[in-house]
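Engineer: Here the protein sequences come in this chain order: A and B.
Position 191 of the first sequence, counted from 1, bears residue number 191 in our numbering, the numbering being contiguous throughout.
Position 60 of the second sequence, counted from 1, bears residue number 60 in our numbering, the numbering being contiguous throughout.
Treat each hint with caution, since some may be false.
Copies of one chain are not kept apart here, so a pair can be met inside one copy or by any two copies together.
What the hints assert, rightly or not - In silico lysine-lysine, DSSO-like type, Cα no more than 30 Å apart, as pairs:
1) LYS46 - LYS391
2) LYS11 - LYS391
3) LYS452 - LYS391
4) LYS449 - LYS187
5) LYS42 - LYS449
6) LYS433 - LYS449
7) LYS41 - LYS11
8) LYS469 - LYS11
9) LYS433 - LYS108
10) LYS449 - LYS189
These are calculated hints, taken from the structure and not from any lab test.
Please read these numbers as outputs of a predicted model, since none were measured by experiment.
Number of protein chains: 2
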Amino acid sequence: MNARMQTFTEKELTHIHDASMDLLKNIGVAFNDDEALSIFKKNGFKVDGHTVFFSENNVRHAIESAPARFRVAARNPAHTVSIGGEAVVFAPGYGAAFIITRDGEQRKATLADYDVFCKLVQTSRTMDITGFLMAAPSDVPVETAHLDMLFSNITLSDKPFMGSPVSKAGAEDCIDMASIMWGGKEKLKERPVTVSLITPLSPLRYTAEMTGAVVTLARYNQACVFGALLMAGSSAPLSIAGLLVQQTAEILAGVTLTQLVRPGAPVIVGGTSGILDMRTGALSMGAPEVARISSATVQMAKFYNLPARSGCAVTDAHFPNAQAGFESALNLYVALQNGSNFILHAAGILGAYNAMSFEKFIIDEELCSQILESLKPVTITDESIDLDLIKEVGIGGNYLTHPKTYEQCRTAFYLSNLVNRRGFSEWQADGAKPINDRATEILNERLSKYVKPDIDPQLEKDLLSYVQKRKKR
Amino acid sequence: MNARMQTFTEKELTHIHDASMDLLKNIGVAFNDDEALSIFKKNGFKVDGHTVFFSENNVRHAIESAPARFRVAARNPAHTVSIGGEAVVFAPGYGAAFIITRDGEQRKATLADYDVFCKLVQTSRTMDITGFLMAAPSDVPVETAHLDMLFSNITLSDKPFMGSPVSKAGAEDCIDMASIMWGGKEKLKERPVTVSLITPLSPLRYTAEMTGAVVTLARYNQACVFGALLMAGSSAPLSIAGLLVQQTAEILAGVTLTQLVRPGAPVIVGGTSGILDMRTGALSMGAPEVARISSATVQMAKFYNLPARSGCAVTDAHFPNAQAGFESALNLYVALQNGSNFILHAAGILGAYNAMSFEKFIIDEELCSQILESLKPVTITDESIDLDLIKEVGIGGNYLTHPKTYEQCRTAFYLSNLVNRRGFSEWQADGAKPINDRATEILNERLSKYVKPDIDPQLEKDLLSYVQKRKKR
Chain A
1 MNARMQTFTE KELTHIHDAS MDLLKNIGVA FNDDEALSIF KKNGFKVDGH TVFFSENNVR
61 HAIESAPARF RVAARNPAHT VSIGGEAVVF APGYGAAFII TRDGEQRKAT LADYDVFCKL
121 VQTSRTMDIT GFLMAAPSDV PVETAHLDML FSNITLSDKP FMGSPVSKAG AEDCIDMASI
181 MWGGKEKLKE RPVTVSLITP LSPLRYTAEM TGAVVTLARY NQACVFGALL MAGSSAPLSI
241 AGLLVQQTAE ILAGVTLTQL VRPGAPVIVG GTSGILDMRT GALSMGAPEV ARISSATVQM
301 AKFYNLPARS GCAVTDAHFP NAQAGFESAL NLYVALQNGS NFILHAAGIL GAYNAMSFEK
361 FIIDEELCSQ ILESLKPVTI TDESIDLDLI KEVGIGGNYL THPKTYEQCR TAFYLSNLVN
421 RRGFSEWQAD GAKPINDRAT EILNERLSKY VKPDIDPQLE KDLLSYVQKR KKR
Chain B
1 MNARMQTFTE KELTHIHDAS MDLLKNIGVA FNDDEALSIF KKNGFKVDGH TVFFSENNVR
61 HAIESAPARF RVAARNPAHT VSIGGEAVVF APGYGAAFII TRDGEQRKAT LADYDVFCKL
121 VQTSRTMDIT GFLMAAPSDV PVETAHLDML FSNITLSDKP FMGSPVSKAG AEDCIDMASI
181 MWGGKEKLKE RPVTVSLITP LSPLRYTAEM TGAVVTLARY NQACVFGALL MAGSSAPLSI
241 AGLLVQQTAE ILAGVTLTQL VRPGAPVIVG GTSGILDMRT GALSMGAPEV ARISSATVQM
301 AKFYNLPARS GCAVTDAHFP NAQAGFESAL NLYVALQNGS NFILHAAGIL GAYNAMSFEK
361 FIIDEELCSQ ILESLKPVTI TDESIDLDLI KEVGIGGNYL THPKTYEQCR TAFYLSNLVN
421 RRGFSEWQAD GAKPINDRAT EILNERLSKY VKPDIDPQLE KDLLSYVQKR KKR
């Protein structure tokens, strides 16, 4: 077809791959963690100080041993998700320190906000997995905040959840708490029940915290989503082609580590790299270049036959307005239509990851659903065309009064309870409600109807006592 | 690739084609105009009352004689546009009776509003062609409003313009006025200088007005854009497959008429069909089904190797808000990435064609530009990757301070003067301006800088006296 969206050729993808192999072989990637370095050495890698050098064979071996598809089990089996292939998983925004209120004010996020996001995921028809750091709580000590968030993740929702990659110890807490729920650490190794976000410190580095987390999580067969967040112009070259090469090298270095720790450990690869806006000096995630990077990122993951992460409902706007709407839509759409499997920041995020908005969360859920609906193929068969009906209605007829329309009208189309579809007068008569106010209403309805999912009281007690004990250390 | 957007197979497109041929042969299409009917008869078509029946051969012949590409000349040659192939042309919203003010109030549109849109197109870096009925002026007599609009189109802008298809007489006025500018009617036949919107009266009819306009415009080699506006559930079946078949039949019937009048007359085919929202009874243009129809519509046009019309910045919202942002983005993006050549309603339209908004016009221009930018392919070469630079910056380095970043930073990325990319504090310090207020500022800047393009005073006098004479008739 005459489609304008670029599909990279095998040759172009190989070109990116080859250049990233050159980087991995000749420049290497630094891992600031002794255990990781000794694992690399033990496996015959060249290591110089913190820098690890990779041969093409090393990397190929890792790519082949990582699974193309896997499942992340939920404590409610109905919520277990598939990752890879044709599947897509949505997770909320991640890492923001602030909340933007419905009036547009910015305030620091709290653990109570975090819990609201847990409840929103639990009651969501769109979000598949509870996030981590869905808002960074400012009212609990930062050293132990991950314990509070993990406790909320496990008890307030029975969907799969994102784990804690804040450090080696943070990842161990995640493993310990998950193993309370899943019958012990050895049981955990049988299946991933968490996905944790691992971000390289670009260019070409992994921090001690991230490296320690990778080793711990992979050891227990828990999924790592490698989320490159390169910034073209500061931590990556201005050239998108160059950025893709550097990003690929960083991701493959991390993937290789997981497979040395445990062959077959589940990974998701990709990221949401952005650009440095040269006028403001700020990270821009709403820029059209981000869509180009996102599209290439998915295609690169598919080239390696690994589950792809790309796309997010991100925007540079600080309020859910027209800019937020169109930037989020473009970012999500490009990733989804290219086949992204894991969409982090799929709901709620504002200001290039600066803040979360409850209203935007509701609006983004709708957006995610609508995009999936818009991508459904149209079945072309004699039955779906139903030429007899068209002939029967004929020239100048009306389908509205035909019995078939009446029969099918309730199920024919996607219905929304958020967006306005009334004509202007009806909308006015109904109070001319702005979409953001309607989002607030839906938010309140959802929270009022939220029911905490059943949990074995002993397990909840055990989890709580783990958290309390760990806080005393 | 693993792309989720459906690419129809040749077999599926042929299936749609075959079913529409069945309709054209056995049900036919009604044309409520004697001249058109006699043209069909003269060419051996079976005609019964107003109903014309088409053989596959008739239609194939027309499809082959219509050009795959053509140009529409502007009186300023720098603004002449190409239609078809890889090219894309943006035109503003069309047909709305109302203006939504910046405060969200609805008021009737006036000729002064219309002139503002002419000036916005003239000063636009995005809109390629001045529309027609960019707002339906309520303050001039409806019988002669087309004369006022054509006069504004020709004198306030030197871009190509959309012509008047309001009736046979209205199309003749368009031809007469264009011929004043272009040195006579015979000169006009040498090249299209207008594009006029022809909408069938679904199902399977053309009004007397539209039919008369088609015959007149084709006779003078002026382009007709066939813009099906079927509504699934009232003027078309609920089934998208069925809608596509009916839409194809309606369009091809119109195209066939143009080619009987003048083989080689330029046409654009497609439309912006929507659905009847079953909850509200209103036309919905923001629904995700519209994107599916839009994608299929472009692919059908490409199947016939004809210039494609599809996509629009349309929304069901009544204000430029988050809903307007994401619905417009999805609609535009799907059409553009599928290869649409002519995007009508690319700027300003609200409320499923109910109203125009000056602020949304400015926002949509930005959206159109950003989507085109996001679809630019990434060049993968040794030069674009520049591995030496990545190696030089190395592990933990910073690209910001590298001379190459300084050299390239002004041209590397798309810049916007509308959207916010500042961090929250900087944005607050700058007055926390909402995007809609920034759009108003840009609107005012544009209008204050507008300069009426040069026109031969005698030609302008002739145009004006034509309009005055016609109004006295």
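Engineer: Does each hint fit the structure? Answer for all of them.
Structural biologist: Quick rundown of the hints versus the structure:
| no. | hint | result |
| --- | --- | --- |
| 1 | LYS46 - LYS391 | between (74 Å within a copy, 18 Å between copies) |
| 2 | LYS11 - LYS391 | between (50 Å within a copy, 23 Å between copies) |
| 3 | LYS452 - LYS391 | neither (54 Å within a copy, 52 Å between copies) |
| 4 | LYS449 - LYS187 | neither (34 Å within a copy, 71 Å between copies) |
| 5 | LYS42 - LYS449 | neither (54 Å within a copy, 70 Å between copies) |
| 6 | LYS433 - LYS449 | within (22 Å within a copy, 36 Å between copies) |
| 7 | LYS41 - LYS11 | neither (33 Å within a copy, 56 Å between copies) |
| 8 | LYS469 - LYS11 | neither (55 Å within a copy, 66 Å between copies) |
| 9 | LYS433 - LYS108 | both (28 Å within a copy, 22 Å between copies) |
| 10 | LYS449 - LYS189 | neither (35 Å within a copy, 68 Å between copies) |
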